Amino acid sequence: MASIRNMLLKTSLAALVLAAVWVVYLDAKITSTFAEKMWELPAKVYARPLELFAGARLSADDLVYELELLGYRKVSTIRSPGHFSSYRNRVEVYTRGFEFPDERERSTRVLLEFSGQRVSTMAAGGQRLDLMRLDPLQIGGIYPRHGEDRVLVRLEDVPVTLLAGLKAVEDRAFDSHHGFSISGIARAALSNLRSGQVVAGGSTITQQLVKNYYLTPDRTLVRKVRELIMAVLLEFHYSKDQILESYVNEIYLGQEGPRAIHGFALGARHYFDTPLEQLGLQEQALLIGMVKGPSLYNPLRNPERALERRNVVLDVMAEQGVISAEHARIARAMPLGLNGRRQIRNSFPAFLDLVRRQLRAEYREEDLATQGLSIFTTFDPLLQRQLEASTARVLDQIDGAGKLETASVVTRLDTGEVAALIGGRRSRYAGFNRALDARRPAGSLLKPAVYLAALERPRDYTLASRLSDTPLRKELSNGQVWEPRNFDRQAHGAVPLFSALANSYNLATARLGLELGLDTLVDTLARLGVTEGVSAVPALTLGAGEYSPLAMATLYQSIGAGGYRLPLRSIRNVADAQGEILSRYLTEYDRTASLQATYLLQFALQEVVRAGSGKGVYRYLPGEFTVAGKTGTTNDGRDSWFAGFSGDLVAVSWIGRDDNGATGLTGASGALQVWADFMSRASRQPLEYRPPDGVELVTVDVASGQRTGDGCPNARMLPFITGSAPSQHTGCGQQAVPAGGIGDWFRRLFKGAN
Amino acid sequence: MMLHRIGPRLAVVGSLLLPSACAVYTRPGAEPEPPAPVVTPTPEPIPPAPTPLPDVPRGREDAGVVAAYSPLLAKAETAASQGDYEQALALLERAQRIAPDSAAVYLAMAGTYARKGDKARASATAERGLLYCGGGAVCEELRSYIR
Chain A
39 MASIRNMLLK
49 TSLAALVLAA
59 VWVVYLDAKI
69 TSTFAEKMWE
79 LPAKVYARPL
89 ELFAGARLSA
99 DDLVYELELL
109 GYRKVSTIRS
119 PGHFSSYRNR
129 VEVYTRGFEF
139 PDERERSTRV
149 LLEFSGQRVS
159 TMAAGGQRLD
169 LMRLDPLQIG
179 GIYPRHGEDR
189 VLVRLEDVPV
199 TLLAGLKAVE
209 DRAFDSHHGF
219 SISGIARAAL
229 SNLRSGQVVA
239 GGSTITQQLV
249 KNYYLTPDRT
259 LVRKVRELIM
269 AVLLEFHYSK
279 DQILESYVNE
289 IYLGQEGPRA
299 IHGFALGARH
309 YFDTPLEQLG
319 LQEQALLIGM
329 VKGPSLYNPL
339 RNPERALERR
349 NVVLDVMAEQ
359 GVISAEHARI
369 ARAMPLGLNG
379 RRQIRNSFPA
389 FLDLVRRQLR
399 AEYREEDLAT
409 QGLSIFTTFD
419 PLLQRQLEAS
429 TARVLDQIDG
439 AGKLETASVV
449 TRLDTGEVAA
459 LIGGRRSRYA
469 GFNRALDARR
479 PAGSLLKPAV
489 YLAALERPRD
499 YTLASRLSDT
509 PLRKELSNGQ
519 VWEPRNFDRQ
529 AHGAVPLFSA
539 LANSYNLATA
549 RLGLELGLDT
559 LVDTLARLGV
569 TEGVSAVPAL
579 TLGAGEYSPL
589 AMATLYQSIG
599 AGGYRLPLRS
609 IRNVADAQGE
619 ILSRYLTEYD
629 RTASLQATYL
639 LQFALQEVVR
649 AGSGKGVYRY
659 LPGEFTVAGK
669 TGTTNDGRDS
679 WFAGFSGDLV
689 AVSWIGRDDN
699 GATGLTGASG
709 ALQVWADFMS
719 RASRQPLEYR
729 PPDGVELVTV
739 DVASGQRTGD
749 GCPNARMLPF
759 ITGSAPSQHT
769 GCGQQAVPAG
779 GIGDWFRRLF
789 KGAN
Chain B
124 MMLHRIGPRL
134 AVVGSLLLPS
144 ACAVYTRPGA
154 EPEPPAPVVT
164 PTPEPIPPAP
174 TPLPDVPRGR
184 EDAGVVAAYS
194 PLLAKAETAA
204 SQGDYEQALA
214 LLERAQRIAP
224 DSAAVYLAMA
234 GTYARKGDKA
244 RASATAERGL
254 LYCGGGAVCE
264 ELRSYIR
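For the protein sequence lines, the chains are A and B, in the order given. Once you know that position 358 of the first sequence is 396 in my numbering, the rest is easy, because the numbers rise by one and skip nothing. Once you know that position 33 of the second sequence is 156 in my numbering, the rest is easy, because the numbers rise by one and skip nothing.
Read the hints as simulated data drawn from the structure, not as lab findings. Every value quoted in this text rests on a predicted model; they were computed, and no experiment measured them. The beta-carbon is built from N, C-alpha and C at its ideal position, and this holds for glycine as well. Incorrect hints may appear among the rest.
Claimed, not checked - Short, incomplete list of chain A residues facing chain B, as computed with Cβ under 7 Å: (1) Leu169; (2) Leu624; (3) Tyr627; (4) Asp628.
Bound-form chain B, shown alone (with noise of 0.2 Å):
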């Protein structure tokens, strides 16, 4: 609450430092508020700064659906583990569909790659994960592919 007292544009910040602190997240347009264009006058007035408070905190990933993937994700390590990278991608991939910002499932796809030879792709991919990760040991274990 002390916050509102700093003054109107720390507010903003204190406002995302909330949702932030527990889904241990950074975002890149919850930036402060940006200030009112520098070059030229705006004549409307401008949106309110980012604070994206999607329903599902970012790096807290929903029950519903991880039980949804996580079954896929057995499916694909049991394929990948007799040598079908293929099929092990593809269930990955529809795993991906289901939740399309989970590192887990960055983590698992860059690993089958890697199982598969194939490292470049495995470290964009793992690169790409990185993007989602909201730190702690699968954010480690996605660097670990990255070349």
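Chain A with its partners taken away, still in its complex shape (with noise of 0.2 Å):
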């Protein structure tokens, strides 16, 4: 008997010192992490600060453009600053100044004068000012260790009636119980047993933020005594404002597409378009309402249940003394009252998106975890909405149903920074991130990689070589057979491969592809960015494999910056609260494919958009406005692609449907049109590269592949890398020009320049 006390003493024992370790255990989560949770400061997430001299290339239209976007007021007498005037081609700014982590710019006013595209002087103070930027703008707020966006806010600023109605609902026992309350229990006991199934938590308001921070969906006894034992402690350490705080703060209110709506000031912003201190009472009351199941009472999902949802919430704020019974009355007559665009203003979650995946894939974490950090990111607002606008203008007028979706990325063509993007048609809602997530065969987009491979053996191949476009039958080793067709099921026999790749004639291509070797494909694809997605098989010649338009926009970036892969950034720098800098990412070129043969490459795809597949661009850009590009068209038309260079942009546009139905478009009609539209009206700077060393000028005839002279038939002037022009002479126009002559004069310039 004794034996049987003593060992019944030792378990318990043994059982209550487990308990104290857990619960100190416990504690030390709590305390440690709690304060770091509670005060957490959002990352604050820039755009690029607009720079102004004499010189940029930017209308006055831009500049009122982007400081309205930044909150500054158009007055008509400038008095301090945030303020500005404009009138004609003359725009004063009083600039907020900013501290930027390498330097302050200071608050200054200053004047400027535009002519056409172009700041034409800048002065302050009646003196020549040679350089200044404007205060970034804050494009979003990211928790790193969340990795959300969200809308912080403080107690103070919520209104009275959403905390007192809240408590209502919630925890009315909340300003007095320990973290757990009896009476809660019992009312959700007796409301449960009413029903006979579980409808109520029973649930206080420090057991749900325990719930949010630190434990798992799951209803289990050990997570509810968990629950139960680190609310206790919670409230042991803070006061009640805090946790109030926190809740108001961390309390989730639904999911748009992936990102989860925390917080009452994020839900506010999402579902009314609205401050939350401006929240009228059935607006607070639908907040309220929501916390319960906010799937189930999704105003935009369930109006209907969400409606009735937030009456009964307006009853019980008016029963418990929080509202009088008149006011919720007119409260309960309202509307839902939502927000019509179903998105967040001034936010740009897909490109907020790519600096998030950037931040988590390049970032070290206990950077991460550092409060208030400031993310100074390469986002061009002024580009952005250019984008939109063009994307906007063709689908609606390519597919006024609504049912293509699209996606496209702008980089800047000498540093890889990503300016501008679009994940889908609604380019202000978050949700499937095509730019980034979409994985398509990329068609013809990807024959550049062939020429380029071809290009890089100038003892084999030159622009002038002779293809063979003729069909093509090839066995897989799986049985089946492969057999490509032109688009317009024509063979054209032997054609220079400038102008395979001009015209995008699949066979030609695919024999060229075959010739060099899958092996050196995926090789070249590589060196130019692309490693995901690809599939080493005969169609690879023909864009067969899953890539995303970020992908594509990795593998023109390299194409147009002549050969250097530059990794796309969307981030210059990160700085933390006291502005010290923690992390660079600097514009970094490393050569990964022949210089001279990546420019033989941007030769081809610029007579693309001269006489081939891609003219349809010259509808919308100036003759003399020189570009690079090719079209894409996948089979049925399921993806119309077109990427594509200026001398200041790279762009890539994606037009397809999310079911991979068919489009009835091609790469010419279909993206190819946003992208034109876009370059027409963003792009400052035409294509116009000097050619590298060790190339030279050669006068071919384009029918034999030989050289001739100046004027003779199928005479045309083609880049080759030094040496390996054809030797071979039509004889025709050998004598033809004399020298000096203005051929020759041309050829001088070329090898003088070198």
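Build the complex from these two chains, which are given one at a time in their own frames, with help from the hints.
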């Protein structure tokens, strides 16, 4: 008997010690993390600051738009920072100034004069001013730890009725209990008993917060006990206000695509497009009601249920004396009043999504945990506006029914900075980010890789090489037969290499690619930055595989930059709360493809838009504005692609359907239109590289591939890697152009510049 | 004016020569008018030959732009001379955003990489800068970094 008692005692003691250890562990967990969670400041994400200087390629209209985005007030008399006035080609701004990590930009009153698309003069106080930057637009806040975008609110900014209503509905004893509430549990048990099912949890606000912060949603007894202990500990360490404020910012209020809506402030912006402080009673009641079942009472999905729930909340608020019966009656009569646009104003979710991913992929954990980071990105609101406008204009035109989806990526040619991004047709609406996450065959968009691989072997291939565009039949290892066809169903016989690309001939390209070997193609793509989704099958020559628009932007960035692989960047640097730079992301030029061969490829891509499948581009662009690009169309027109670059921008556009159905579009009739519409309005610099060393111009007869004289039949001046031009001569025009003639002059100039 | 009598095609080349002569610049797209495509007849007229004449002639930089980025180059030089290459490169990157097609900025970048001991990147940067240089000393200096 004594031994049993002894054992029981020991077991109880051991259990007690274990329980104590557990409580100590939970206590440590709460005290070490809650303060951080509670006061965690979101990392502020900024767009690029607008650089102002005489000679800047910027219109007065662009500057005014940027100032409006920044919240500057247009006034007739400028008095203080944040004011501006504009009249015709003059804009006067009193800038706010900004603490950049490297330097403080002082608040300045500055006068700018414009001439067309350029700033012609800039002066401050009558003195010429060489350079200044505006404060950068804040485009979002990211909780590094959660990876979410939130709007934080202090308790004093939350409407009193919302807080009182919240307590009345969720936790009446909140102000007096110590973390859990016996009466709450009893009331929940009673209503569960009445209805015969679990309708109420009886959790206090503190318990709900603990659950959100620390626990999984499963309903086990151990979890419940843990929740209870942690709630008591939380109450022991922190004040009611601190707990309530955390709750108000943490509460989950539904989902918008992949984005979770946390906190009443973001909920107010999302559902009503209104700041939390300005919500009406009926709107407050709806948000309070949603706490119980964010998905069940989501007013966008279940408006009737949401309305019913809202009115129940209004009744409870009146019953508990939070509001008068009269107010409740008026509020009940109001409609749901939802934000029709279902988007958060001035948000650029697709771009923020990219920033978030690059932070996660490249950032050290300890830096992410640092509070109050500032993230300076490459985002350009002016280019984004243009991209959104071009996308809407073209898509509305070709698809009024709204069946098609789209994505576009815009980067800067010289640096690989991502300047604008659209992840779907409703570009301000967070959802499936097609620019990053769509995986599609690339069609002819991959062909340049085939031609680059060929041109990198100047002994074997030049732009003037004759390719065979004849029927091709290839048995695959799985027994199937691959038999590609041209878009026009014709075979074109022997064609010059540059026009095979310009006209996007499948047969010639497939033959060329197979001659080079699939390994070579895979390697070339990798050197140009495309490694994911590449399938080493013969159809790779025609774009088989699964690629995102961002991957295609990487490919065309490498080609546009001249064979330099530039990782696409969305972040310039990250600074801590003290303005110290924690990380810099610099442009680093790494040569991965032959500069000369890439130059030749660029020439062929210019031919695509001058005379080939992409010539629709010049319905938008002036003829003298040189760009290079490529169309892409996949089977049955499931994907319409266009990718290309000017002298300052690289852009890739895609149009297709999420269900992978046919669109009835080609690259030229769909994505090209978005691309060209955008480029014609946004690009300020035509493509006009100087040819690299080691390239010479030679006139050839494109029908025979032999050298010929200027002005001879089929004569065409083409660039060649030095020493690779054909040696055979047609005999025509060898003496036709006298020494000192125009052709020689052109060549001398070319040579001299080398 | 005589050029116009030689023939329409030469005239196109001629129109190029005038700006090029002062810009000392050749342009890849600025070749003679591409003749009608050889292989497939094109139903639509070919756009005019590329005669890129941006408002600022290439190779001769806009005075305002030079005035805007020059102080940044000077600051970058100071930072580099103190061994702060990261800061120097960040300043040069800002200069590059102001003047993306300035060979002088590329030259300063290549020089900074070289001083930092990153010869490969100095070479790649210089090679890229050469695409924008308008001849003369800057081109030669850029070439000196190419391995």
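Structure-based check of each hint:
1. Leu169: It holds, given that the least Cβ distance between leucine 169 of chain A and chain B is near 4 Å, below 7 Å.
2. Leu624: holds (5 Å)
3. Tyr627: holds (4 Å)
4. Asp628: The hint holds - aspartate 628 of chain A has a Cβ within 7 Å of chain B, the shortest such distance being about 6 Å.
This entry satisfies every hint, going by the numbered hints stated previously.
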